[in-house]
Amino acid sequence: MKSLLWIGVVGCLVLVGVAMAADKPADGRELYKEYCKSCHGPNSPHGEVTPMSLIVEQWERFFAEKLEPSHRSVLDPKHDNRPVLEVITPEMLKKIKEFAIEHAADSEHPMTCG
Amino acid sequence: MVPRLHLFAVAVALLLPSLPGQAREYTHQKYFEHYEGTATCLQCHAEEARSFFHSQHYQWRSATAKIVNGGGKEFGKINVINDFCTAVGPSWIGLTNNSRGEAISKGCSKCHAGLGRLPEPGESPEQLANIDCLMCHAAGYNRDLYQRTDGGWEWRPVLWKNPEGLDSVAKRIGRPTTTSCLRCHAGSGGGPNFKRGDLEYAVTERDRTFDVHLAKDGAGLDCLDCHGGSDHKVRGRGADLFGDEMPDRPLGCDDAACHGSAPHTVEALNLHTARVACQSCHIPTFAKADPTDMVRDWSTPAYHQEQDKWSATITMAKDVVPVYAWYNGTTRAQLPGVAVTRGRDGRVGMMLPQGDRSDPRAKIYPFKRHLAKMPVLVGKNWLLPIAVEEFFASGQLDAAVKKGAEEFYGVKDAAYEWVETVRYMGISHEVVPARGALGCLDCHSPKGRLDWQALGYRGDPLVAAMRAAHGKR
Chain C
1 MKSLLWIGVV GCLVLVGVAM AADKPADGRE LYKEYCKSCH GPNSPHGEVT PMSLIVEQWE
61 RFFAEKLEPS HRSVLDPKHD NRPVLEVITP EMLKKIKEFA IEHAADSEHP MTCG
Chain R
115 MVPRLHLFAV AVALLLPSLP GQAREYTHQK YFEHYEGTAT CLQCHAEEAR SFFHSQHYQW
175 RSATAKIVNG GGKEFGKINV INDFCTAVGP SWIGLTNNSR GEAISKGCSK CHAGLGRLPE
235 PGESPEQLAN IDCLMCHAAG YNRDLYQRTD GGWEWRPVLW KNPEGLDSVA KRIGRPTTTS
295 CLRCHAGSGG GPNFKRGDLE YAVTERDRTF DVHLAKDGAG LDCLDCHGGS DHKVRGRGAD
355 LFGDEMPDRP LGCDDAACHG SAPHTVEALN LHTARVACQS CHIPTFAKAD PTDMVRDWST
415 PAYHQEQDKW SATITMAKDV VPVYAWYNGT TRAQLPGVAV TRGRDGRVGM MLPQGDRSDP
475 RAKIYPFKRH LAKMPVLVGK NWLLPIAVEE FFASGQLDAA VKKGAEEFYG VKDAAYEWVE
535 TVRYMGISHE VVPARGALGC LDCHSPKGRL DWQALGYRGD PLVAAMRAAH GKR
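Chains C and R, in that order, are what the protein sequence lines are.
The opening residue of the first sequence carries number 1 in my numbering; numbering runs sequentially from there.
The opening residue of the second sequence carries number 115 in my numbering; numbering runs sequentially from there.
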């Protein structure tokens, strides 16, 4: 009886953990990997682009002026071929932008997204 | 490479709008249009390039007037053996991956302001073209290691495939900032603050209680405000460094332009300044943000699963209380190709401050005392370097020691044994405001931090003076 109780407690804890992990908002790096790298990874026909491909000024210009016109007709192969600009919510886009700028080529911590 | 470069250029061109006239104004905006490597800088700065070429920051060696056994020769990290990553030669440049294919090391040249060639003593067009001016002078410049088509390695700007971005960064020329200095000087020895202990990335972020000189709400100084010299020569020499580029302009707190020789309002404190260095009281501890390497045992490999990387067994410590020793501005060094000498403690002195109580030029200074275990060649008793790059990946220590011996001395299949070493490293940064400095009882009490006998006294000299004043023995 006691062991059944323990199994129940552990099971609940696992379920709570899974639920919490699912609720945890993805950070900019994860979002970049999920939504950008699928088309802009190494050897991609669309060209590899990582945060350190551009300087901060270029990223700011890109998000302000170029993202929408250049991705208007792009479908996301990782998400049922839905339009990428519908798949990425404004909140997600904000995080992706912050990640790209924080790790731009002229930042203190330039990086790829792994 | 070319097709990939084209692909990237197309991607960038598609990503970026053409916005002529909106480019930001940088210091070198008007001097050139496109950055084409060091040649662009040399068009106007050939003299500066020559002065840098001859500097310690490029040569990694210099005259050794302050090394009592230097023998008039030039030494520096390029041609000696140290107790951190041991030697530059066998580990200059190249990519070392772990078993997962991740880069774990790129060589010592990562922190050399050159594009990958080993510095040579003689000036040549190739050596001048090897200087990477942007590394110290361009804000926002970053570089990485790339393999050339001939199989060799070189450092290139990470923006080498993005000419517009590179042009922008290359025009942001200025005096080196604390941030650019710390990129190498705080990251040496294998990780943040591993080597020096008192030079941490945190100095640019913390308030004046962390470092009263460098904090923005303190004096707000940059490294070059104190260390700036002329012709790319730098003022100041740490006690465990070989070179002194500007012996005619020594750097000290008591410089008349800074604090003078009697900076205290309490005369009893001014009485100390003749024999006690300012740093001894004003740097109570170091390694206040990141722990520092205090012991590096190369005889015992350690595996780090998270990084999938091998290293020596390193003992780190934080908030370290310095050790104190007399220092007259000169140092005895353990030189390569010279039989090791053991001190009374049985340790080989890698860098030992000179001077004692009877030396009028000596003062009591604070030090980081770094201990290590290093290989020596049986018979000759020469210190051996370790080819650390391969060892980081494989953990094969014996092979790495033998490769180091062969590359450094030409000795094949070296027989070696292990010795314990000690290095005294001057502590001069992380100075706290006056109210945080040591008080009288920190030294003059039964539990004081000074080892009076080690300093050449019978006991606390204040106690002796008071006894004498009161007629007691």
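Calculated from the structure, these hints are not laboratory results.
Treat each hint with caution, since some may be false.
Here are the simulated lysine to any residue pairs, SDA-like style, with alpha carbons at most 25 Å apart [what the hints assert, rightly or not]:
#1 K37/C - E278/R
#2 K33/C - G352/R
#3 K37/C - R286/R
#4 K33/C - D258/R
#5 K97/C - K477/R
#6 K220/R - K95/C
#7 K97/C - R286/R
#8 K37/C - D258/R
#9 K37/C - M92/C
#10 K97/C - K423/R
#11 K285/R - F62/C
#12 K224/R - F62/C
#13 K224/R - K37/C
#14 K97/C - K144/R
#15 K224/R - K330/R
#16 K224/R - M111/C
#17 K423/R - E278/R
#18 K285/R - K37/C
#19 K330/R - K37/C
#20 K144/R - R61/C
#21 K97/C - Q421/R
Listed next, with one range per pair, are the computed distances between beta-carbon atoms [claimed, not checked]:
#22 E108/C - H558/R: 41 to 49 Å
#23 N211/R - E108/C: 19 to 27 Å
#24 E60/C - G553/R: 49 to 57 Å
#25 N43/C - S344/R: 34 to 42 Å
#26 D80/C - E521/R: 34 to 42 Å
#27 T427/R - H46/C: 40 to 48 Å
#28 V435/R - N43/C: 48 to 56 Å
#29 D80/C - W274/R: 42 to 50 Å
#30 Y260/R - D80/C: 50 to 58 Å
In this text, a Cβ means the ideal position worked out from N, Cα and C, and glycines have one as well.
Comparing the hints with the structure gives:
1. K37/C - E278/R: With a Cα-Cα distance of about 23 Å, the restraint between K37/C and E278/R holds, given a limit of 25 Å.
2. K33/C - G352/R: 45 Å, violated
3. K37/C - R286/R: 30 Å, violated
4. K33/C - D258/R: Holds, at roughly 22 Å.
5. K97/C - K477/R: Between K97/C and K477/R the Cα gap is close to 55 Å, so the pair fails against 25 Å, i.e. violated.
6. K220/R - K95/C: Cα-Cα ~31 Å, so violated.
7. K97/C - R286/R: 24 Å, holds
8. K37/C - D258/R: Given pair K37/C, D258/R holds - Cα atoms ~21 Å apart, limit 25 Å.
9. K37/C - M92/C: 15 Å, holds
10. K97/C - K423/R: 33 Å, violated
11. K285/R - F62/C: Roughly 21 Å between the alpha carbons, so the hint for K285/R and F62/C holds.
12. K224/R - F62/C: 31 Å, violated
13. K224/R - K37/C: Measuring from Cα to Cα gives roughly 28 Å; hence the hint is violated.
14. K97/C - K144/R: 31 Å, violated
15. K224/R - K330/R: Not OK: K224/R and K330/R at ~29 Å, beyond 25 Å, violated.
16. K224/R - M111/C: Holds, because 16 Å separates the two Cα atoms, which is no more than 25 Å.
17. K423/R - E278/R: 37 Å, violated
18. K285/R - K37/C: Judged against 25 Å, a Cα distance of about 31 Å means the pair is violated.
19. K330/R - K37/C: 39 Å, violated
20. K144/R - R61/C: Status holds; Cα separation ~23 Å.
21. K97/C - Q421/R: Since the Cα atoms of K97/C and Q421/R sit roughly 28 Å apart, the hinted pair is violated (cutoff 25 Å).
22. E108/C - H558/R: 41 to 49 Å: Holds, since E108/C and H558/R (Cβ atoms, about 44 Å apart) stay within the stated range.
23. N211/R - E108/C: 19 to 27 Å: 25 Å, holds
24. E60/C - G553/R: 49 to 57 Å: 52 Å, holds
25. N43/C - S344/R: 34 to 42 Å: Violated, at about 49 Å.
26. D80/C - E521/R: 34 to 42 Å: Violated, since D80/C and E521/R (Cβ atoms, about 57 Å apart) do not stay within the stated range.
27. T427/R - H46/C: 40 to 48 Å: Holds - the Cβ-Cβ distance for T427/R and H46/C, about 47 Å, lies within 40 to 48 Å.
28. V435/R - N43/C: 48 to 56 Å: For V435/R and N43/C the Cβ distance comes to about 54 Å; the hint holds.
29. D80/C - W274/R: 42 to 50 Å: At 37 Å between Cβs, range violated.
30. Y260/R - D80/C: 50 to 58 Å: This hint is violated: roughly 38 Å between Cβ atoms.
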